[in-house]
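> Residue numbers (this note's numbering), protein chains in the order written: chain A, 1 to 112; chain B, 1 to 115.
Since the hints were derived computationally from the structure, they do not count as laboratory data.
Only a predicted model underlies this, so the values are computations on that prediction, with no experimental measurement involved.
Any given hint could turn out to be false.
[Unchecked claim] Listed next, the in silico DMTMM-like pairs over lysine to aspartate or glutamate satisfying Cα-Cα at most 25 angstroms (straight line):
hint, chain 1, residue 1, chain 2, residue 2
1, A, Lys41, B, Glu15
2, B, Lys61, A, Asp97
3, B, Lys102, A, Glu22
4, B, Lys58, A, Asp97
5, B, Lys49, A, Asp97
6, B, Lys49, B, Glu66
7, B, Lys58, B, Glu88
8, B, Lys49, A, Glu100
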Amino acid sequence: GAVVSQHPSWVICKSGTSVKIECRSLDFQATTMFWYRQFPKQSLMLMATSNEGSKATYEQGVEKDKFLINHASLTLSTLTVTSAHPEDSSFYICSVDRGEQFFGPGTRLTVL
Amino acid sequence: AQSVSQHNHHVILSEAASLELGCNYSYGGTVNLFWYVQYPGQHLQLLLKYFSGDPLVKGIKGFEAEFIKSKFSFNLRKPSVQWSDTAEYFCAVILFSGGYNKLIFGAGTRLAVHP
Numbered sequence: 001g002a003v004v005s006q007h008p009s010w011v012i013c014k015s016g017t018s019v020k021i022e023c024r025s026l027d028f029q030a031t032t033m034f035w036y037r038q039f040p041k042q043s044l045m046l047m048a049t050s051n052e053g054s055k056a057t058y059e060q061g062v063e064k065d066k067f068l069i070n071h072a073s074l075t076l077s078t079l080t081v082t083s084a085h086p087e088d089s090s091f092y093i094c095s096v097d098r099g100e101q102f103f104g105p106g107t108r109l110t111v112l
Numbered sequence: 001a002q003s004v005s006q007h008n009h010h011v012i013l014s015e016a017a018s019l020e021l022g023c024n025y026s027y028g029g030t031v032n033l034f035w036y037v038q039y040p041g042q043h044l045q046l047l048l049k050y051f052s053g054d055p056l057v058k059g060i061k062g063f064e065a066e067f068i069k070s071k072f073s074f075n076l077r078k079p080s081v082q083w084s085d086t087a088e089y090f091c092a093v094i095l096f097s098g099g100y101n102k103l104i105f106g107a108g109t110r111l112a113v114h115p
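Construct all of the structure, not just a fragment, from the sequences and the given hints.
The following block contains the structure:
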């Protein structure tokens, strides 16, 4: 399998601020990582595919200027929620693809 | 567009009862199908998967699922549930797009097992 960590596990921020979420592949060099968001009592929705050394591929309806993704190394991808608003409050989950997808524990974002 | 439907949003069972969670997908081509489980406070874990071959797939913790191509279904079953099976269960189908495998998830079924 693959071990995936996320940091922080929970973050609370004020409206208008930016928040960075890290996703690390601890035992696998991942050229591709995926970012999902999960609203309460709803399913995971793919936001974007993070590609090491190149631009992320965003799903339809996801604002790339609001959700900045940087995949700077084979073990780290970051998701920055810029100018966060209460409607951005959600559970953000990353995964790596190693034949099958292995998921991180998720980051709960609460925007006040 | 490809989609995954899970029929039951909430299921409540007593221990030792049998479980069947429905999953249907809409995609006409070759599919890879998955069931994931998310225990309270934990991350998603793979229960089982179907790529090809025997349509009856056995997974971890006594779970199994049957792929019925004619019905576009991949229902999850367990003959006797335990309290520890309390979790949320997600059906997913893989979509190969733009060089990447993208997982499309169903809405999830929240299972509560009472002792």
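> Can you name, in rising order, the numbers of the hints this structure does not satisfy?
No hint contradicted; all consistent.
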